[in-house]
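*Asks:* Spelled out, the chains give:
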Amino acid sequence: MSSTYTLPDEPKPSTLSRMSTDPVWPLLAMMFAGAWLSLPWFAFNAWAFGSPERGRETAIALGGIAALFMTLLMLLSVIGGGVPEWSVSYLLLLLTLEKLALAYWLYHLQSPGFAMHTYFGGASFNGLVLVLAAGFLLRPRVAELIDVHVLFLALL
Amino acid sequence: MNLTNLFVGQAVRRLEAGDPQGAIELFKKVLGHDPNDASVHALLALTLLSTKRLHAAELEAGLALQLEPMSGLALTAAARVAIARNQLSRAGELAARAVAADPEDAAPLRIQATLSTMRGQPDVAVKLLRRARGIEPENTHVLGDLAELLLGMGKVEEAEEVARDALSIEAAHADSLVVMGHVFLKRGDLDAAHDQAVWVLSHNPDHEGALHLIAAIKARRNPVLGLWWRYHTWMSELGQTGVVVVLLGAYFVYRVVALATEDLGYEQLSNGVEVAWLGICAFTWFGPAIFRRMVNREVGRVELDPEF
Chain A
1 MSSTYTLPDE
11 PKPSTLSRMS
21 TDPVWPLLAM
31 MFAGAWLSLP
41 WFAFNAWAFG
51 SPERGRETAI
61 ALGGIAALFM
71 TLLMLLSVIG
81 GGVPEWSVSY
91 LLLLLTLEKL
101 ALAYWLYHLQ
111 SPGFAMHTYF
121 GGASFNGLVL
131 VLAAGFLLRP
141 RVAELIDVHV
151 LFLALL
Chain B
1 MNLTNLFVGQ
11 AVRRLEAGDP
21 QGAIELFKKV
31 LGHDPNDASV
41 HALLALTLLS
51 TKRLHAAELE
61 AGLALQLEPM
71 SGLALTAAAR
81 VAIARNQLSR
91 AGELAARAVA
101 ADPEDAAPLR
111 IQATLSTMRG
121 QPDVAVKLLR
131 RARGIEPENT
141 HVLGDLAELL
151 LGMGKVEEAE
161 EVARDALSIE
171 AAHADSLVVM
181 GHVFLKRGDL
191 DAAHDQAVWV
201 LSHNPDHEGA
211 LHLIAAIKAR
221 RNPVLGLWWR
231 YHTWMSELGQ
241 TGVVVVLLGA
251 YFVYRVVALA
261 TEDLGYEQLS
271 NGVEVAWLGI
281 CAFTWFGPAI
291 FRRMVNREVG
301 RVELDPEF
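Residue numbers (the numbering used here), protein chains in the order written: chain A, 1 to 156; chain B, 1 to 308.
Looking at chain A on its own, in the form it has when it is part of the complex (with noise of 0.2 Å):
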């Protein structure tokens, strides 16, 4: 009995496979450093590690990307309706929210598929430099952006 039998969920091993993380550092980087890290590391994670639910994940992360910029205009049309000055800062809460709900929603999905992946003794890194460095160095430059046009806070 030598054949192999490869289960769905088991690593298929790839070149990208030591560029994967474990998922709670695209979840800290949306704390830390925003959407536009967190969102496209998911879907990068998801294909490094090759899990079994990357289509899924990546249309979750690309989708939610599209969905931020929604609300975003959604909140504005809204603000600029008239509503008082202070309520503008409770109403952007929506946004933090759906930036988490996506985070979690990812981390939940990809959890299961990386302890697999590390099981099997898959490569990864350890992403607190890279959660650091973008939380520290780059959210203020992309912040900055939001000054080239509001939309950009979708990102953040």
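In short, the hints are calculated from the structure, not lab data.
There may be inaccurate statements among the hints.
Quick partial rundown of chain A residues pointing at chain B, CB under 7 Å, derived from the structure [what the hints assert, rightly or not]:
| id | residue |
| --- | --- |
| 1 | Y5 |
| 2 | D9 |
| 3 | L93 |
| 4 | L97 |
| 5 | Y104 |
| 6 | A123 |
| 7 | N126 |
Some chain A residues close to chain B (C-beta under 10 Å, calculated; not the full set) [claimed, not checked]:
| id | residue |
| --- | --- |
| 8 | T6 |
| 9 | G50 |
| 10 | W86 |
| 11 | L94 |
| 12 | W105 |
| 13 | H108 |
| 14 | G113 |
| 15 | E144 |
Ranges of calculated distance between the beta carbons of each label pair, as one might list FRET restraints [said to hold, decoys possible]:
| id | chain 1 | residue 1 | chain 2 | residue 2 | range |
| --- | --- | --- | --- | --- | --- |
| 16 | A | F136 | B | A276 | 23 to 29 Å |
| 17 | B | M153 | A | T118 | 37 to 43 Å |
| 18 | A | L151 | B | H141 | 56 to 62 Å |
| 19 | A | E85 | B | T233 | 42 to 48 Å |
| 20 | B | G249 | A | W86 | 21 to 27 Å |
| 21 | A | E85 | B | E274 | 35 to 41 Å |
Predicted model only: the values in this text are computed from it and were never measured.
Where a beta carbon is used, it is the ideal one built from N, C-alpha and C, also for glycine.
Take the given structure of chain A and dock chain B to it, following the hints.
*Replies:* Only chain B this time, still in chain A's reference frame:
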């Protein structure tokens, strides 16, 4: 005995010894040789399910059903996967088909009992498990389920009786030992409850029931950990979506309160809210790690009562 049976036998023994991954590897070997064995696909599906590999379990159960649509084992595996997916009506339909395929099999009756419990009909579940017990009186899985259910219904004496029956058949039956632990806990005998939990964990450190039991014991002894455990148990019962909704809701409330107190000029109160939120985050973030370390330390220095 052919090689397939030998490997399957070994796999089942691995499973009973609390080594599902070893069992999975053996099942894979068998399927590498004969990918059309529906029973092995079904057993593999059930094993994958026990390790929470739902995606793979679903595909394996589907393959088993495709190969043998009337196989009781394949139907049972598919029903268990459906329960894990929270597809209760599909699970019910599959379990009913499994009962029809083999009325003398206790396994689908256990599934029907699980479904009844999930639907809030524990009395129906007890009847089903008693029927299963009538079919297979020495099936410790059935007895374990029944003891656990009775315990959940507050029928401590009956639960103890059934658990003791199971232990007289299989002295190391983990689920029944856990039920006995809870019985002792309810009677305030923390040491005896502790012995049951540690015994199970020393054989299978990931046994969910034993971890719950030792957590309940710890919770009685340490109020801070007890608080974390109650929070954890409550969150576990919510399911993944529920957890995310609660977390987002809590975050929303925290932000609104923090913003409102700041807007209204209550600077100190606003700072207090921020500190409290940070405390909650730290508590829920480090709680599991601290708890796990305590359990590991406990299991590492297993000291059972000499009379255990």
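*Asks:* With reference to the structure, classify each hint as holding or not holding.
*Replies:* For each hint, the structure was consulted:
| no. | hint | result |
| --- | --- | --- |
| 1 | Y5 | holds (4 Å) |
| 2 | D9 | holds (4 Å) |
| 3 | L93 | holds (5 Å) |
| 4 | L97 | holds (5 Å) |
| 5 | Y104 | holds (5 Å) |
| 6 | A123 | violated (20 Å) |
| 7 | N126 | violated (17 Å) |
| 8 | T6 | holds (8 Å) |
| 9 | G50 | violated (13 Å) |
| 10 | W86 | holds (6 Å) |
| 11 | L94 | holds (9 Å) |
| 12 | W105 | holds (7 Å) |
| 13 | H108 | holds (5 Å) |
| 14 | G113 | holds (8 Å) |
| 15 | E144 | violated (24 Å) |
| 16 | A:F136 to B:A276: 23 to 29 Å | holds (26 Å) |
| 17 | B:M153 to A:T118: 37 to 43 Å | holds (41 Å) |
| 18 | A:L151 to B:H141: 56 to 62 Å | holds (58 Å) |
| 19 | A:E85 to B:T233: 42 to 48 Å | holds (44 Å) |
| 20 | B:G249 to A:W86: 21 to 27 Å | holds (22 Å) |
| 21 | A:E85 to B:E274: 35 to 41 Å | violated (23 Å) |
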